[in-house]
Every structure is written in structure tokens, then in C-alpha cells.
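*Asks:* With the hints as extra help, turn the sequences into a complete structure.
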Amino acid sequence: MISLKPVYSSADQAVADIFEGATIMVAGFARPGVPQELVKALIRKGVGKLTVIANAAHGTREDLADAGRLVAAGLVRKVITSFPAPTRASVEGYPEKLYRQGKLEVETVPQGTLSERIRAGGIGLGGFWVRTGVGTVFEEGKEKRLFNGQEHILERPLRADFALLRARVADALGNLVYDKAQRNFNPTMAMAAAVTIVEVDEVVEPGGLDSESIATPGIFIDRIVKAQSG
Amino acid sequence: MSEKERLSRELMALRLARELKPGMVVNLGIGMPTLVSDYIPHDGSLVLHSENGVIGFGPTPREGEEDPNLVNAGGGFITLLPGGAFVSHADAFAMIRGGHVDVAVLGGLQVSEQGDLANWLVPPRALGSPGGAVDLCVGAKQVFVVMEHTTRDGKPRLVSRCTYSLTGARCVSLVMTDLGLFQVTPQGFLLREIAPGWTAAEVRSLTEAPLAVGPELVEVRA
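Heads up: the protein sequence lines correspond to chains E and D, in order. Quick note: the first sequence uses this note's numbering, first residue 1, plus one each step. Quick note: the second sequence uses this note's numbering, first residue 1, plus one each step.
Take these hints with a grain of salt, some might be off.
Derived lysine-lysine pairs resembling DSSO-like cross-links, with alpha carbons at most 27 Å apart [to be verified]:
{"#": "1", "chain 1": "E", "residue 1": "5", "chain 2": "E", "residue 2": "45"}
{"#": "2", "chain 1": "D", "residue 1": "141", "chain 2": "E", "residue 2": "144"}
{"#": "3", "chain 1": "D", "residue 1": "141", "chain 2": "E", "residue 2": "142"}
{"#": "4", "chain 1": "E", "residue 1": "144", "chain 2": "E", "residue 2": "5"}
{"#": "5", "chain 1": "E", "residue 1": "97", "chain 2": "E", "residue 2": "78"}
{"#": "6", "chain 1": "E", "residue 1": "40", "chain 2": "E", "residue 2": "180"}
If you are wondering where the hints come from, they were derived from the structure by calculation, not from laboratory data.
*Replies:* Here is the structure:
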């Protein structure tokens, strides 16, 4: 018997069991690959004190329902991200505003280290040694060790209770195919959460995807939501 | 203070683009570095790499032909060249840390004479966004920086020691500013090319770190 994954017609139903204080990974980079309907559903649900792990979290794009909009909605207690601030330094992002008020903890992580910490969490590693951040504030408080005469720092894995993902198409087994730059953090976060929820444009029958094109195998996916818009 | 004309952003980008050679894998940072892509051949002779996993991209699409799922690391619309590929973030950074990117072109706030780069946290902001720059500083074989020579209030950006929070230590090899092209050598900054109409002494007066001048100093030309 094949293991079909539940397909939800409502994003609200798919996020119904996300609880206060949960750790949530939100995929996407700029607009591609952001699970906007799941994020909107989470904002409607209004569950708070979340820890959010995402590439960007400044929340200054009101037309984009990304992790930053969870911060802007006041639902986040801690954010782990490589973009806590918008790239224009003249603009203050929501994390900075809330951080100044003592309402938000911010862990700023170099982007490659962020994706690799998520990967480490997803593939069962206790951490990894990396040169990224040596000689900068990003090495503070971390163990150091020489490999091949070069300093490395120890980075620890990240895992989450839920991962919110976006792909172009899923089959009913949860196998995913992405569209172009949609891929970004999605395949990595898919491995690193207890429950993974993916929002897709289209759901097809098992066998309906080209096996060579599947970038995330269904064993990493728990729930599928058919998106209402692109 | 001199009010002489400095190099335009376009000329800075054009000049730096000439340092990018066929066969190179190149990552262009957000802001001024992105302009460099207007001055390189988009014939596949060099490969543009983006942190968000677009490998082998081309120029900005024509208006109306943008694909919402095809963007660079700055979120700007791009096109894909024949032979282009998509990978995950984890794989894009495997390429960076693994030494598969030849040149990263980054923006800057300060560069020190040792080649330290500060570009991610702008005081008095409490938070900044390192993005992929910290990773590029340790992973790219060469790091080029393009930035204005002085701050808005006239303070030098080529310094003895960076006062802003570092992005990477001892990583920058070449700096393009609106006053010239500077090599970072074991002895410090070397002025290779200078903005037309400027003297080395004038550039030196706007540079905090010691500045050597190459034996064959030429003007930056379009």
C-alpha cells in the first residue's frame, strides 16, 4: 500500500495544530518559494511566542506574506535569520523596532551557515566546523579548532516543530518539484522539522511527476495544501 | 576640499567588469555590484552564481517578460542563459565554501589595508543583514569590493583598521572606488588606476591608510 499524504484545501486547517511557543521554519528567498498562504493562515490563527527560522525576517514588504510578516504581527519571540534588517539601511525593519523594545530576541546568522545548520539538523549531525565568521562577531561564544592550519568555528544544528514550504507541484506521496529559484531553502527545511507542510499550485497522482526532477522526496513531507493563488 | 568630478557608478562597474575573465564563476552582491552585470558578456563565457541557487543567469528581462520565480540574490528579476541550473541554498553555499566560486564582487562600508571588509552593519542601526557576504569572504577565491571612496560626510572608507563590524578578515584583494582602482597587497593599498583629473596626492588625502602608487599609474578609462 502506498503512503498518501493528506491534501488540505484550506491553509487554515493545515496549520490548525501549530501551538504557542512552537519553532517554525519558513522557506523562501525574496518572493520565490515563500509559503504565503500558510503564513497568512498562521497570522489569522494568531498563535504567538513563536521562534521563527527564515532567511529574511525584516517584514517591510507588505505585499509579501513571508516570515517577517509574522514578526510584524507580533507573533514572534525569537528570530534566527540572515536578513533581520532590510538592505536599505535607512529603513528600520520590524525586528529592530521590537528588539529595541525588548520584545524580540534576534540571532543573526550568515546565510550559508543558516542553511547548513538547518541541513545539519535535518541529516542528524551534531554540528559542523566552518571558517565562515572567523575573525568577526559571528565567532563569539563558539568553540574554535584548527584544521589544516586554518581556524574553524563549531556551528550547531537547527530543527523545528513545523516547516512551512512552497513548491510548484506535489504528487499525492508528497514528492515535490519546484519552479526555478523557488527551491532555495525548501529542500533543506523539508528535512529539519517534525511536521512539514507544503503549499503547491498543483497536486497530481503518484507517478505523475518525472522522478528525475523530484527535488524533495515525499518521505520528508507530511501535509500538502493546494494553494488558491500563484 | 576638492569638488572635482569622481567616477560614475557606471564607469566603476564597467572598469571592475574588465577584471572578470572568461571561465570565471562570479557572484555579484546586492547594490552597486549588481551593476557590474550590465558590462559583462552574457554569452556563457563566465558563469554568474547567485546565493539563492541560480547558476548561469543572464541579464535583466525586458519589461513584461519577468518571471516571478526567477530572481537574483537581491530579489531582482533575471533571465537564465542556456545551460543554466537551479540548486538549493545549501548547494549554492557548498559551491561558495567549497572554493568553486572564483570571484565575489561585494559592496563595502570600509576596507582595511590588511584586506578586512566591513559591509553588513551600518551604525547606528542595532541590526544588520550579513546575507551571504560572510560566507563569500571565506569561500570565494578572490573578493573584489566596489564602493564610494568616502562617506557622505567625507570620511575615508579605505582605512588602517575597520571601525565597523567585520564581514570578513583579510579577504579583499581589489577595491574599486569613485577615485580609482586599488590593489590590496601584503604592504597595504596600491593605487593602480586613478580617476581622470585627480592626483595621487589628492587621493591620498582622502585615504586614511598609507597608499602606495604603482610605477605605471594610468587613468581609469571607459
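*Asks:* In ascending order, which of the hints set out earlier in this document are inconsistent with the structure?
*Replies:* Violated hint (a single one): 4; every other hint is consistent with the structure.
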